[in-house]
Structures are given as structure tokens and as C-alpha cells.
Amino acid sequence: MSSLLLFVGLAAAACLAWSIGANDMANSTSVVIGSGTLRFRQAFILFLVFQLLGALLQGYMVMKTLGKGVVHNIEIVGAITASISAFSWIIIASLVGAPISTTHSITGAVIGVGLSYMFLGSQETLINYQRIRDIVISWIVSPVTSMILAAPLYRALRRLRVGDDSKAFKLLLLAFAAFAAYSFGANDVANATGVYVTVTSSSFGIPDEDSMRFLVLFASIFIALGGVTLGYRVVTTLAYKITRLDLRMSLAAGFANAFTVWIFTTIPYLLFGYGLPISTTYVAAGSIIGVGIARSGWRGINLKTVVFVITSWLLTLPVTAGLSIAIYYVLTHIVGVRA
64 MSSLLLFVGL AAAACLAWSI GANDMANSTS VVIGSGTLRF RQAFILFLVF
114 QLLGALLQGY MVMKTLGKGV VHNIEIVGAI TASISAFSWI IIASLVGAPI
164 STTHSITGAV IGVGLSYMFL GSQETLINYQ RIRDIVISWI VSPVTSMILA
214 APLYRALRRL RVGDDSKAFK LLLLAFAAFA AYSFGANDVA NATGVYVTVT
264 SSSFGIPDED SMRFLVLFAS IFIALGGVTL GYRVVTTLAY KITRLDLRMS
314 LAAGFANAFT VWIFTTIPYL LFGYGLPIST TYVAAGSIIG VGIARSGWRG
364 INLKTVVFVI TSWLLTLPVT AGLSIAIYYV LTHIVGVRA
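Take the sequence shown: its letters are residues 64 to 402, numbered as in the numbering used here.
Hints listed in this document are in silico derivations from the structure and should not be mistaken for laboratory results.
Just so you know, these numbers come straight off a predicted model, no measurement behind them.
Just so you know, not all the hints are guaranteed correct.
For each label pair, taking beta carbons as the anchor points, the in silico distance ranges come out as [as the list claims (entries may be wrong)]:
1. 309 - 70: 45 to 51 Å
2. 393 - 266: 22 to 28 Å
3. 334 - 99: 35 to 41 Å
4. 104 - 219: 28 to 34 Å
5. 104 - 397: 21 to 27 Å
6. 70 - 271: 19 to 25 Å
7. 135 - 299: 38 to 44 Å
8. 235 - 396: 51 to 57 Å
9. 335 - 270: 18 to 24 Å
10. 397 - 204: 26 to 32 Å
11. 309 - 74: 42 to 48 Å
12. 74 - 336: 28 to 34 Å
13. 238 - 270: 31 to 37 Å
Idealized CB from N, CA, C, for every residue including glycine.
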């Protein structure tokens, strides 16, 4: 494998990481911004610090899943293909303010690479259908979990006879936002660079563990850049357009978001050896919808925005899979790129 291909691959991963930061920073900061507890710049600093901690301490749990769990042994051309496909769709969504799932984007892109391998070489065993099934189930269960957690917690907080300007409330909200950023780093950093685990290990002659440490640090830097340059667009959608957030709603949604993402990252890894790459966007939106319903029923929810978000989600998997097939064909059959 030429060093040029590896450089192109890492450049594609950097672009993907940047786009993930642009779209997904909102998942852990929307509640503190929507409630007025922090301004955008303050929320970004909190996000930067704690997503890096999550990536360094637990990022390997999901990176292993995306690197080898969906499609076995993705080579460099496949990795580049997946990165370009996911990046293209995520950046389009970010520009229009659609909080799509970057997890869906990279998973769909990887599946598209696996399908390309099958069509070209008839290697059906390359795709791990059981692992894909587990991931898809987690996509359905996780936002429901955050919604179920957020609603009763908000009702309990509403009964407390403490002013919304309470310092204790605001400190607790900041703690939950930090936990959400940590959980994001543990789960979503793998979306940017997970497909390069095998490639970097073989290129540099290092174990997978060392390769993953390098990749999570690399991705975290560019995720932070994406958050600070374009993240405000999706923050605006989640913080203000689904439902109006007061401090108690933000507190309930923040905890439900952080706890759900951490559980789906950690528990499956401890039990089965791989973390589930869930959609942190799904989870964040689910928790916000949950508190909105708990406050005033469906009247408290902007259904037009919810339909817009769900439509974006539903399009993501087939669009990125199709893009991967097209890009892989162009790279290998028209441009003539070989690993």
C-alpha cells in the first residue's frame, strides 16, 4: 500500500471527523445552550475537554466494532470510500441544519463498501449481518430509552420547590453536559476513524490497541474543529426548534442523554466484547422530546421539526450505502486505484 493512499485516507478521515463535530456537537451541548446556562463558546470548551477524555478512555470500545465488526478487514480503498461517502452526506445535512445520525452515515457507508466487495468478488461472508442486526436494534431502543428516562425525571424535578436560578441546578446541568460530551467521545469518535484500524496497524506495524489510541486522538482534534466552525447550525435546531427548554427540562434531558449513550457504549462491550455505535443524535432528540411531552403533551413538540429530523434519519442509511457503492466503483474501475 502506497504512502500516498494512506495520506489520502487520513485526510478523508480528518474531513469526516470535522463534519461529525459540525453535526454532533449539538447532542451534548444543546441543553445547556437552550436553557441559557452557557453561551456557545463556553459550551464548546466544555465539549472539547470532555469528548477528548471519553475518546481516550473508552473510544476503543466502539472503534473495534466499526473497524472489524460490520465488514471484516476493510482495506485502504474501502476505508477512503466510506469516509468520503459519510462526509459528503453529513456536511450536506449540517449546512441545512438537519441533525442526522453520523453513526448511521458511517455504518451505511461501511455496509456500502461491503456490498461493493460482494458485487465485485462474491465475498458474502465479508459482511457481519448479525452485528448489523444488533446495531440496528440499538438504534431503535436507545432513543426510546432516553425518552423514557427523561420524562419521569422531569416530572420529579418539577415537583422540587427550588428556584430555577438555583446554583445547584445549574452546576448539575453542567455536570450532565460534561458527562454527555464524555459519552459522545466514547461512542462517536469511532465513526471518524474506526475503519482505519486495520489499515494503520498493518502500515505502521503496530498492534490494534496502539493504532486505536492514535486514531481517537487524531479524530478528536478534527471533531473539535468541526464543532467550533459549523456546530452552531445544528445546535440551533436542537436547542430551540423542537421544544422550548427551561432549566429543569434541560437537566432531565441532559442526564437521560448522557446515561443512555454511556450505557450502550459500555455494557455491550463488557458483556460481548464490542460497544454499540448508537446514534447520539437519536438519543439527544429522544430525551428532548421526552421532556417536551412530559411538560405539555404533544402540544409542547414542534411536530414539523420532528418530521424533518426523522426524514433526514431515514434517508441516511440508503443514501450513504449507495454513495459508497458509486464511489468505490469510480475509484477502482474508472480511476484505477488499487490498495
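- Report the numbers of all earlier hints that the structure fails to satisfy, in ascending order. 5, 10
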